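Asks: Just so you know, the sequences run in chain order C and L.
Sequential numbering from 2 applies to the first sequence in the numbering used here.
Sequential numbering from 2 applies to the second sequence in the numbering used here.
Among the hints, erroneous ones may be present.
The list cannot tell twin chains apart, which means a pair is met if one copy fits it or any two copies do.
Unchecked claim - Each computed DSS-like pair below joins lysine-lysine, with the alpha-carbon atoms no more than 30 Å apart:
1. Lys162 - Lys331
2. Lys331 - Lys290
3. Lys337 - Lys13
4. Lys335 - Lys290
5. Lys39 - Lys236
6. Lys115 - Lys13
7. Lys115 - Lys339
8. Lys290 - Lys162
9. Lys335 - Lys162
10. Lys162 - Lys337
11. Lys162 - Lys236
12. Lys115 - Lys337
Rather than coming from a laboratory, the hints here were simulated on the basis of the structure.
As the structure is a computational prediction, the values presented were derived from the model and not from experiment.
Number of protein chains: 2
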Amino acid sequence: MSLELGLSVPAKIGMSVGDVETPALIIDLDAFERNLSKMRNVVEKQGVGLRAHAKAHKSADIAHRQMEVGGAHGFCCQKVSEATVLVDSGITDILVSNQIVHPAKIARLIDLGKRALIRVCVDDAQNVHDLSQAAITGEAEIGCLVEIDVGAGRCGVNPGKDAAVLAQQIADAPGLRFDGLQAYNGSAQHCIEATERQALFDTVVQKVEQTLVALNEAGLACPIVSGAGTGTFQKEAASGVFTELQAGTYCLMDASYMTVRNLEGGQEVPFENAMFLQCTVMSAARPGKVVCDGGHKSHAVDSGLPILVDVDGAAYVGCNDEHGIINDPKNQLKLKDKIRLIPGHCDPTCNLHDYLVGVRNGIVETVWPVTARGKLW
Amino acid sequence: MSLELGLSVPAKIGMSVGDVETPALIIDLDAFERNLSKMRNVVEKQGVGLRAHAKAHKSADIAHRQMEVGGAHGFCCQKVSEATVLVDSGITDILVSNQIVHPAKIARLIDLGKRALIRVCVDDAQNVHDLSQAAITGEAEIGCLVEIDVGAGRCGVNPGKDAAVLAQQIADAPGLRFDGLQAYNGSAQHCIEATERQALFDTVVQKVEQTLVALNEAGLACPIVSGAGTGTFQKEAASGVFTELQAGTYCLMDASYMTVRNLEGGQEVPFENAMFLQCTVMSAARPGKVVCDGGHKSHAVDSGLPILVDVDGAAYVGCNDEHGIINDPKNQLKLKDKIRLIPGHCDPTCNLHDYLVGVRNGIVETVWPVTARGKLW
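Extracted from the complex, chain C is given alone in its bound form:
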């Protein structure tokens, strides 16, 4: 990959933030570090582990900071290839919080288990069989968490007895180790109504407890109960049943989570926004409106449009692949102005960029590669 500025790399260390190529993701390092501290304080106070989700940022540099100063003991990944590049960077404890079913992927997962502590989620007896066969062939052992459906209706077996049956199959399978439960409800994270979020969380805990009873009846120890996200992590931390938290977005935040934060008063989601998409006004051909150079290829809109900051009364109102439409009724923006957007959704936005530009006091302090960008497998 060419490392030429403006071709693949958006910034050089020491340059002014205003000179960074646009569109580029800017990390406010002070805010990022405060977010790390806030999370560390919660997990230390509650005595739970932090298995931060690397799917949010896909950056080995961020992962290492989460570990070194942010209280993380391990990481989640969604893909074997994502886990591979983190292991390559020196991370030694990863849960692939997803089902891995393709034979070639399973073989690589097992292989990765020889270089680091690797666990994977399972919700299917056939998959248990396939993983076991690959572990035998690869002469390795791998840890499995039974994923239970705690309300999302996505992956996961039914809580209770069904989960215990699968756990027993894992425990009986050569090369596999039953390590615990995966219990994550993504829809609870972004629920903006506090009572509804609490109800969704209560359901999660009830389903976990029901499963712990079934496991106990089956005589199976359950060392790990893993779950939680940025929207509910304080509930899981205080629940007494979760042993580790999987929050990811908390360190950078996005417009979707800022909405949750602002509606609930910052108690449950205490983080500040630390990631901005810096853009340039590229067209100002008519009054009351400008066009910036950030569109679908530089931020993801699946959770809504980005929020324009710093410009009173102006708003990002529309999006094409390489253009953003900004209503500016007071005509404050002019050609070549830099603007900052809070992307709608952190995870797929980071995945659009090769680099994150870390800035402090207006100066580029670091340029982090998005190590697992595009690692789809």
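Fit chain L to the given chain C structure using the hints.
Replies: Here is chain L on its own, set in the frame of chain C:
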């Protein structure tokens, strides 16, 4: 970049399509080539140029095929960095169909003009000044198209006199050459109602003609009128005022354009879908529903969810970052099955992938890098 299979590369030449890593973009080479032929037939019959838009696929390999067998004489890009990698691949005629305003980008644009025939769109007198100064400094000449707003309300000066004034400024500016007009209305492309699309197109032509009159009155020749997309290209081709077409998606297609095609009967948009996202069923924990491994990080949903093909009565109904939810009321899909999706929107979907896997008769014939993937500047 590591070229390891399953880490960065999804397929090897000669493998069965069923063995390709998922999620991966599969190009049906027969359908792709038929699409190229259909477009070539139109431009040859109508005697217009084809300046195919490389923003759709970002692949130098596809661009070279569009040129060698598809009738294209040149290409559009949206970004200087996108144009740079195409020039690196041997493409010699590129219009950056966008405004370039950042000084560093302008310098690179001018520099690129020494290696290829480069043009750029302009809609601002300040930008004309900046481009001219950079051309003087760089000791190069660059061609400019005045972008006129033909109904999209995005970039572009007003048609008619305003456009002629800007064209005169370009003609008078040292280092710049007034080469013609950019007249593109993106919203007309995806308009599914035929009468409404025709009305939008009629407005485009009326605004172009009004501008041609104003340019003529100013004594300015206008060698190029560039515009059109996959949804309206036959209208521009037959209009008598457009000299070249900027269609991009036509060679691969997507669910959004397939909807336009199907509603208008295939006369105006005669192309077939040639790009699929191949996925694997990764969870089948409950009846009537499965989960596949393709979500926001492997296809863009800004134009709607992808369409599941080949599975009667089943549909892709929901999406998370790495998961797709498929309703399968007849329980036809089982764990590890491969499925094919038509992505909602071609351009931002290609931009999520490092490679396109070209398949014929079920065998991988070629693996094309997405050369300009992530080239945001």
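Asks: The structure should be examined with respect to each hint, and the outcome stated for every one.
Replies: These are the hints, each one checked on the structure:
1. Lys162 - Lys331: between (62 Å within a copy, 26 Å between copies)
2. Lys331 - Lys290: Answer is within; shortest intra-copy Cα gap is 9 Å, inter-copy 50 Å.
3. Lys337 - Lys13: Within one copy only: 20 Å inside a chain, 45 Å across chains, cut-off 30 Å.
4. Lys335 - Lys290: within (10 Å within a copy, 51 Å between copies)
5. Lys39 - Lys236: within (15 Å within a copy, 59 Å between copies)
6. Lys115 - Lys13: between (37 Å within a copy, 26 Å between copies)
7. Lys115 - Lys339: Classified as between: cross-chain Cα gap 29 Å, same-chain 48 Å, threshold 30 Å.
8. Lys290 - Lys162: Between. Shortest inter-copy distance 21 Å satisfies the 30 Å Cα cut-off; intra-copy 59 Å does not.
9. Lys335 - Lys162: between (63 Å within a copy, 23 Å between copies)
10. Lys162 - Lys337: between (62 Å within a copy, 25 Å between copies)
11. Lys162 - Lys236: within (25 Å within a copy, 63 Å between copies)
12. Lys115 - Lys337: Classified as between; 25 Å across copies, 52 Å inside a copy.
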